[in-house]
Amino acid sequence: MSGIRAHPVAVFLAFFAVFPFLVPYKALATQVLIYGLFALGFNLLYGYTGLLSFGHAAYFGLGAYGAGIALAKLGVPSVWGGVAVGLALASAGGAVIGFLCLRRRGIYFAMLTLAFAQLLYFIGFHLADLTGGDDGLRGIPLLPVRLPGVEISLDTPVAFYYFTFALVALAVAALKRILDSPFGAVLGAIRENSDRAAACGYDITRIKLLSFVFSSAFAGLAGALEALRLTVVPIESLYWTTSGQVVMMTLLGGAGTFFGPFVGAATFLVLEDRLSIVTESWPLVIGLIFMAFVLFLPKGIWGTLSGGLYGR
Amino acid sequence: MNRRSFLTTAAGAATLAFPTVLRAQSKEPIRVGFPLPLTGPFAALANDLQRGATLAAEELNARGGVLGRRLEVLFRDDQLKPAVGAQRTKELIENEQVQFIVGGLAAHVQMAINEQTKKSKVLFISVSQSDEISAKPDTSPLTFHEALNPTITCRAVGGWAAQNLGKKWWIVYADYAWGKQCNAVLTDVLKRHGGTLLGSTPYPLGNAEFVAHLPKIRAAKPDVLMSATPGADNVAFLKQVISFGMKKEMRVAQPLLWLPTVKEGGPDVYADVYGGINFYWEVEDTIPQAKRYVAAFRKRFNMPPGDYGCYGYSGIRELARGIELAKSTDSDAVAKALRANPVYDHYKGKQWWRACDDKSFQDLWIVRGREPGKLLGEWGLLDVVSRIPANEELDRTCVEKGLA
Amino acid sequence: MVDISLATLLTQVFTGLVLGMIFVLLAVGLSLIFGLMTVVNFAHGSFFMLGAYFGFFLLGLTGNFWLSLVVAPLMVGVFGLIVERLLVRPLYGRSVDDPLLLTFGLSLVLIEAARLIWGKIGVTFDPPRELAQAVNLGFTMFPVYRLFVIGVTGAVLLALWFFLGRTDLGLIIRAGSRDPLMVRALGIDLGRIRLLVFGIGTLLAGLAGVLAGPMRGVYAEMGVTIVIESFVVIVVGGMGSLAGAVLAGVMIGEVVSLTTLVAPKLAEIMVFVVMAIVLLVRPSGLLGEAGLLE
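Residue numbers (the working numbering), protein chains in the order written: chain A, 384 to 695; chain B, 19 to 422; chain C, 924 to 1217.
Because the hints were derived from the structure by calculation, they are not lab data.
Note that CB positions come from ideal geometry on N, CA and C, so glycine has one too.
One or more of the hints may lead you astray.
[As the list claims (entries may be wrong)] Sample of chain C residues facing chain B (criterion: CB under 10 Å; computed from the structure):
id	residue
1	L932
2	V936
3	R1097
Build the full structure now, drawing on both the sequences and the hints.
Put into structure tokens, the structure is as follows:
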């Protein structure tokens, strides 16, 4: 069992290669991957660096609108171009907003991230010519993926899943590299005691900002993929409820654990998907399950499971 | 509980939750997906929509199904969120293999659903208000729009109000897509009728505080106070208007009255408020088709149909008519059949599809809230004032919609 | 179209004050709960909603508005006590995330329960006739009920100020939110204090709900957005400062209200703009102490 911890990327690859066949339908599997990636980005900042952002919808939304606008309005002729624009926009947004918010700490930091995210929502809402306003951005073409020598259509749910899988796997591998680097070690030090890390001579503001930007980039990639998946970008992508959702998914799965975000996203989305078919009052059931998780599995699902497995 | 047993239980519970589905005729059923906001602020309208669609499916199945096959409607909660609406549509098409989608309530969710049906080449009959859904670039040869839209509603109600209530107006509208469209169309209609717009006040949707504006509006002495204030804002708006004694001094009108909202506000709030509506059950007195529909609805649900329920009913019936005309469940064939035989009448008189944009044209009514004490039971809340006959000139032309 | 008379401006200032009062009631409760037990009570908006529904229910039952106004908040407070004892108490000593998650789940449950009990359509209830009119303030007509809301909130705040500032129990509560360890070291049972504070906080939310009901209508989601705005208020005021919460509540009410008058489009974002500016200029909010709860 210790293999999970030693080779998390391999475990991720093995599990998500067969994941679409474990859930009722492929589009749900894709959704889990995308929201898992979004939560992974959030988790880098919160779980590993100890910074609670309550405005991560901003980077998810920037990624989604970046990719969507590039493909639908600017006529960028390739999927890669669209994803790149989304990624760039989210990272840039993360750099600017992160720079401003990191001047404050704790709850004040969290509320500033929320304020900037709401500001972006507001801009998106009223910049209707570019974003579609409250009707959402429509008309995003789903172009085939061009790789040297091949062209793959993404029209089927299976093809789209494995396209997403490939990109999310790269992101997961990148996260592993980040965490294993000296930079990753400092992140842990900052989370445990920011002042002590500073006293050790680290430029913690710069390191926090870098973590913020990486986190935004992951969220932005997730947003870009979601724009491609739905071929529409709803304005609520930027709304605080989207930020709230990713916080809940991460905490449910287990903050600061490698697989927690994916476990949380899968639990949340699959439960919602199945329960809402059974009963109109599904939020009541989800709410009760949530409360039970908090009361009885305080480290989140994966945090508790891995804690049990490894005696952490 | 392992995954399989969980899913089996879920499937069993799902069947229980929809007892409307009749026992299988021998062949494979025709499956129709129906996303709608069963949770969220429009849940009451969604339940009405669900009842209408359920009744339509039951009637069809009772008379032997469609092409001899049972018609099965799968309802899904879209939470009034476009992303969820899109996800549920994907699930219905991919997992449940539905052949058609009917539903959607609120413009932005419809459009997210529409993106999925276009991609999967599935016929979509949209059943709530939107101007864009039947215009370029959103519409497609497989996108049909059964409901009224803001342009039609505001031209009809605005024109009637200018002729009958007075020509000096003040408009209050919620600052989002629907409200802005209403304001633009109403302003235009008033001008065409030679009226005067004394003022126009936007407010942020969901922030229904009008106290500072009302004295100004009152001082301007408009004949008509026109308000495009949806949902909970509508009740709050009217209450504030009443507290300033303005309802006695001017006519209050709005593009739409929603029956559940009128019930929520009660007769003290809605008495003498004018508005448009796509159907009000008391028109059964004059329209035989409506009499049959209302009777069937009452028998099944112990209450008369509301406004949105009719769209659900008509949407499903119209889909079935298309399938039977086409003798096929192929989306293209059904769309062609509906276009070739555009006239239909399921519950309130003649309706038809305009060929160029697949938009349904239909009558609507001007109604007025009844005084307290004059209600006809729990749901007899409105007086029918006038019928506005279906008319293609009430909508934008297909050239204006970018379709010609 | 920006021709705003002094009268209109004054009217809007009054309107802003009413809005501010609702914010203040919610923010003070949130701030008390957060200060003493570092519980981010995400369900605060649901207690607000429950207050409105309880008011509606009691008015229907008794026909007496005054009775509902007093009893509905008490019912919410008692419900708050039960929630604290059964659900929140097991989480003390754990991370701040846990109460946030738990109360998030609780808010889902409460909203859905309200729909099941009172139906999916919202309900309305009215103040008695004498409060339902508009009164001439000299410069404008203004609804009496809104003046009444200002008065009630003012009275409640005074009582709360007296309780926290002039009674022994109040002193312990204030000390507890500064330094819980020290209070415990003095041999005071913090468990009962926490219970009491959670009850008071939710009671105030319930009062805000029952006051807001006749103005905004009562529906299951009525507390969803306002809880975020109330968090903004306590942050702007400075975490842990009750005077700050009052000041910020009134200020944000006024800013929203006056923006609605000149630029309605900007109204919904102003809450956040104000917060961003305040936090970037004053690190700990208007009246907060540096270093507290960072």
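Consistency of the hints with the structure:
{"no.": "1", "hint": "L932", "verdict": "8 Å, holds"}
{"no.": "2", "hint": "V936", "verdict": "9 Å, holds"}
{"no.": "3", "hint": "R1097", "verdict": "34 Å, violated"}
When held up to the earlier numbered hints, the structure conflicts with hint 3 and nothing else.
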